[in-house]
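Student: These protein sequence lines are chains A and B, in that order. Going by this note's numbering, the first sequence runs without a break in its numbering and finishes at 287. Going by this note's numbering, the second sequence runs without a break in its numbering and finishes at 287.
If you're looking for bench data, these hints aren't it; they were derived computationally from the structure. Fair warning: this is a prediction, and the values are worked out from it, not measured in the lab. Wrong hints could be hidden among the right ones.
Same chains, same names: a pair is fine if it fits in one copy or spans any two.
[To be verified] Below, a list of computed lysine to any residue pairs in the SDA-like style, where the Cα atoms sit at most 20 Å apart: (1) K278 <-> G217; (2) K181 <-> A86; (3) K278 <-> S206; (4) K156 <-> S51.
2 protein chains.
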Amino acid sequence: MSSERSIAIFSPGLLGGSLVKTILQRLPGVEVRVWARREEAVEEVRREFPSVIASSSIADSIRGVSLAVLCMPVQHMQDVARQMAACDLSDDLIVTDVGSVKGSVVAELEPVFDGTKACFIGSHPMAGSQRTGLAHARGDLFYQSACLVTPTEKTKREDHDRIRSFWIKLGCRVREMTPQKHDHCVARISHLPHAMAVLTTLAALSDDTSVLDNSAGGFRDTTRIAGGDPAMWAGIFLHNRDEVIAALQDASARMTELLEMLQSMDEEALRRFLTQAKALRDLLPAV
Amino acid sequence: MSSERSIAIFSPGLLGGSLVKTILQRLPGVEVRVWARREEAVEEVRREFPSVIASSSIADSIRGVSLAVLCMPVQHMQDVARQMAACDLSDDLIVTDVGSVKGSVVAELEPVFDGTKACFIGSHPMAGSQRTGLAHARGDLFYQSACLVTPTEKTKREDHDRIRSFWIKLGCRVREMTPQKHDHCVARISHLPHAMAVLTTLAALSDDTSVLDNSAGGFRDTTRIAGGDPAMWAGIFLHNRDEVIAALQDASARMTELLEMLQSMDEEALRRFLTQAKALRDLLPAV
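Bound-form chain A, shown alone (with noise of 0.2 Å):
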């Protein structure tokens, strides 16, 4: 039994269509609303989901439901988290959100809120894939994440504990840290390896593209999620700026060790440098 008699998820993409499918899974009874920004992603979520109520208007979708989940790219969420809070809003509305980026995007969307009956916590389930879309959103996406949850000081106790079991009854371990926590961790385990699979991408096929045919799996495991949607990803991105740029500086020196390691054809070091990240590497558990 969900403690949300109502849950809004706005903007049915890969990640928002696939709560839509864990929540129905997972929280029998509660009502499941969707908005969408255009008419045929609204009717796309009827077709889809003939249980859930889909509609572009944002009063509809807010009006009377105990949580509201923003899932379209982080750029995006402000303007629709300001819109939602000039509509009648339930005494007990939670907003959160799934975005890669959580300082900025706390520091804007928290204040939006005060001087109204809700409040905003920022989540970040670690889930996703390099697809995109509501055609390809799956039930199990969310199944064993980490969810990444940022309460800061004005957030209640009663608001935090409903959004760790929120997200404990759809299938995530929950980790709590400070926003500029989460924005530092997420920087070296999730946006650093983007950027440095799409500069392998880059590097690799910009030249001759028939290299491609060559290609074996240390390729296409390497480069998989520069396949990833380039507006969602330049908006992480400039979002979390300083420590993606603090992350790609770290890259960088080491590149430029490898590089002189080569130039100076230093196998011993060269041996170290690899032994170094093949220890670290091994610290990850094998699936």
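Since chain A is already given, all that's left is putting chain B on it; use the hints.
Tutor: Same frame as chain A, but now just chain B:
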């Protein structure tokens, strides 16, 4: 029916062991021999493959065979090939290898067999794993892999045909190119991704490994190959040094571009950059 009567695999690691399994499955009736440097490895081969003739003697392993495959790290191939060339060799012996570098390997190994009855032709089946050792050998490792074969102007047509036929029988798609073209291509599609996975791992985890608690599929895939054997990869990087340096310098130039876009907050340029990478990555068929 194979045209090879007896095949010797030199060094039963992941690739050598996988070759033994594949030959036993796909070329029944062909004698298989395995040479290993260490007696413990010889014993392990005897336990794992009772039908195989295992020995630590290069002379005993090469005597009478029609095909020998060098499967040790590239930096050790020349030494073993020289010892081999001093043995009693069959009239029809072809020596090949499975190394990830071909320019320097072919330049070193082809002349070793001048004045003998044997010849060397370079091969590179594009299959592997971050795992190492006979324990991880798989009979399907080469199935549907690209195998790059690098004949030179000294290579006889009939020898070339036999090598091609051997790899096709093991399930590979054979492609032919010069050793130089091979090294350029593989630097981009394999050695660069390996180096980038190493740099990503070091930049992500060196300061604080606890960020790993929040990792997801993106980090796992992007860095998987950084778990590969450091000694083997140090040899590959140094044997293909010029091409690896050129590929890393291209990646470094892209890194500089990306950092400039982030520093100037140029969202349009950043989107174009990510869109270009996505378009290139999307050329690779989904699996």
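Student: Take the hints in turn and mark each one as holding or not.
Tutor: Hint-by-hint comparison with the structure:
no. : hint          : verdict
1   : K278 <-> G217 : both (18 Å within a copy, 18 Å between copies)
2   : K181 <-> A86  : neither (31 Å within a copy, 63 Å between copies)
3   : K278 <-> S206 : between (29 Å within a copy, 12 Å between copies)
4   : K156 <-> S51  : neither (32 Å within a copy, 71 Å between copies)
Going down the numbered hints, you'll see the structure goes against 2 and 4, while the others check out.
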